[in-house]
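Student: Please model the complete structure; the sequences and the hints are all you need to start from.
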Amino acid sequence: MEIHQVKQQLLLTSRLDDMGHLPVKVLKSMSGATLVALDPIGTKPGDWVFTIANSAARDAAGDKRYLTDLTVGGIIDNWQP
Amino acid sequence: MEIHQVKQQLLLTSRLDDMGHLPVKVLKSMSGATLVALDPIGTKPGDWVFTIANSAARDAAGDKRYLTDLTVGGIIDNWQP
Amino acid sequence: MEIHQVKQQLLLTSRLDDMGHLPVKVLKSMSGATLVALDPIGTKPGDWVFTIANSAARDAAGDKRYLTDLTVGGIIDNWQP
Amino acid sequence: MEIHQVKQQLLLTSRLDDMGHLPVKVLKSMSGATLVALDPIGTKPGDWVFTIANSAARDAAGDKRYLTDLTVGGIIDNWQP
Amino acid sequence: MEIHQVKQQLLLTSRLDDMGHLPVKVLKSMSGATLVALDPIGTKPGDWVFTIANSAARDAAGDKRYLTDLTVGGIIDNWQP
Numbered sequence: 805m806e807i808h809q810v811k812q813q814l815l816l817t818s819r820l821d822d823m824g825h826l827p828v829k830v831l832k833s834m835s836g837a838t839l840v841a842l843d844p845i846g847t848k849p850g851d852w853v854f855t856i857a858n859s860a861a862r863d864a865a866g867d868k869r870y871l872t873d874l875t876v877g878g879i880i881d882n883w884q885p
Numbered sequence: 805m806e807i808h809q810v811k812q813q814l815l816l817t818s819r820l821d822d823m824g825h826l827p828v829k830v831l832k833s834m835s836g837a838t839l840v841a842l843d844p845i846g847t848k849p850g851d852w853v854f855t856i857a858n859s860a861a862r863d864a865a866g867d868k869r870y871l872t873d874l875t876v877g878g879i880i881d882n883w884q885p
Numbered sequence: 805m806e807i808h809q810v811k812q813q814l815l816l817t818s819r820l821d822d823m824g825h826l827p828v829k830v831l832k833s834m835s836g837a838t839l840v841a842l843d844p845i846g847t848k849p850g851d852w853v854f855t856i857a858n859s860a861a862r863d864a865a866g867d868k869r870y871l872t873d874l875t876v877g878g879i880i881d882n883w884q885p
Numbered sequence: 805m806e807i808h809q810v811k812q813q814l815l816l817t818s819r820l821d822d823m824g825h826l827p828v829k830v831l832k833s834m835s836g837a838t839l840v841a842l843d844p845i846g847t848k849p850g851d852w853v854f855t856i857a858n859s860a861a862r863d864a865a866g867d868k869r870y871l872t873d874l875t876v877g878g879i880i881d882n883w884q885p
Numbered sequence: 805m806e807i808h809q810v811k812q813q814l815l816l817t818s819r820l821d822d823m824g825h826l827p828v829k830v831l832k833s834m835s836g837a838t839l840v841a842l843d844p845i846g847t848k849p850g851d852w853v854f855t856i857a858n859s860a861a862r863d864a865a866g867d868k869r870y871l872t873d874l875t876v877g878g879i880i881d882n883w884q885p
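Protein chains in written order, with our numbering: chain A, 805 to 885; chain B, 805 to 885; chain C, 805 to 885; chain D, 805 to 885; chain E, 805 to 885.
Calculated from the structure, these hints are not laboratory results.
Keep in mind the model is a prediction, meaning the values are calculated, not measured.
Don't take every hint at face value.
Intra- or inter-copy, both count: the list cannot distinguish identical chains.
Straight-line distance between alpha carbons at most 30 Å, and here's what the computed DSBU-like set of lysine-lysine pairs gives [as the list claims (entries may be wrong)]:
1) Lys-811 - Lys-848
2) Lys-832 - Lys-811
3) Lys-832 - Lys-868
4) Lys-848 - Lys-832
Tutor: Have a look at this one:
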């Protein structure tokens, strides 16, 4: 898993049906890369979270059918990057 | 998932049968890398999209038998890179 | 698999139910990157470990339902980085 | 998927039985990295190809039992890197 | 797949039961990174090998239950890096 900071919700013109209804969040990695994840927890911009990738990301989103390769797994307490 | 910009359709001399009939698009990552993805949505060059990787990419293409590790998942509204 | 050094336990404000009850550890890679893994072995800060990624990480955590993409697989004897 | 150029066939002293009988090719990525892929298409050195990674690579090789994480998926027409 | 050089066997203080009894080898990538793989072939330090990652790595190790994400797939003849 990796540690990311939540930046904003992603606004989508169109998306595949099987993304479900979870919010899609833009995240920054600790090395500055931009990533996108499903958020089943309800994070706020500025929160530090850890994310789960690949096949476990689909179950983490709450349903194996969800189309994701990255899902927020938890909010980190008092993270000092 | 990651954020990419659509560049062009890829012209192929030959391809495996089980790619299906979806267009294959060349994408640029935000760090400048070149990637290739199936496009079930019908994006245009210049569109900013997010892409889904690995096992979820196959379902995202519409059929688990499709041979892909990267599929366009949605078009992003007003993205400022 | 990769070689990582254990830094600390991760304190979480909230986490998904299906992480199980294993401790979540912050690790450093040999190139300085920060990662997060489930720890079924009981490592201490400073230990050098190898980690197992992706689908095998879930079985390594002791249960295929666990939501992880990285799990500590063993402690390395006398590692000189 | 990624775009690679075919360099040469790989000569092997020994290999696992379940690689099947497909040729194993050395590829260069657009950033200069060296990779190895199964080639079910019959490419020649100098060809530009796109490659399919991870679980789809096994099906792309023609049989889910094949032991590969990267398979050539098609030859690209007139690629200007 | 990738090309790696075998450095040494890894000595482990403790490891998960389901690693099986295969030796665990430390490898160097062509870009200098350090990796760890199961070795079902019996390589020697200095051998150039190619490695298989992720789900195929488990079957390559000889048993789908083995906990690995990287397995040696074959020894390369006369590799000049």
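Student: Each hint needs a verdict: does it hold in this structure or not?
Tutor: These are the hints, each one checked on the structure:
In this assembly of identical chains, the alpha carbons of Lys-811 and Lys-848 lie at most 30 Å apart whether taken from the same copy (8 Å) or from different copies (27 Å). For the homomeric pair Lys-832 and Lys-811, the shortest alpha-carbon distances inside one copy (7 Å) and between copies (22 Å) are both at most 30 Å. With identical chains, the CA atoms of Lys-832 and Lys-868 are at most 30 Å apart both within one copy (25 Å) and between copies (29 Å). Taking CA atoms no more than 30 Å apart as the test, Lys-848 paired with Lys-832 passes in both settings, with 13 Å inside one copy and 26 Å between copies.
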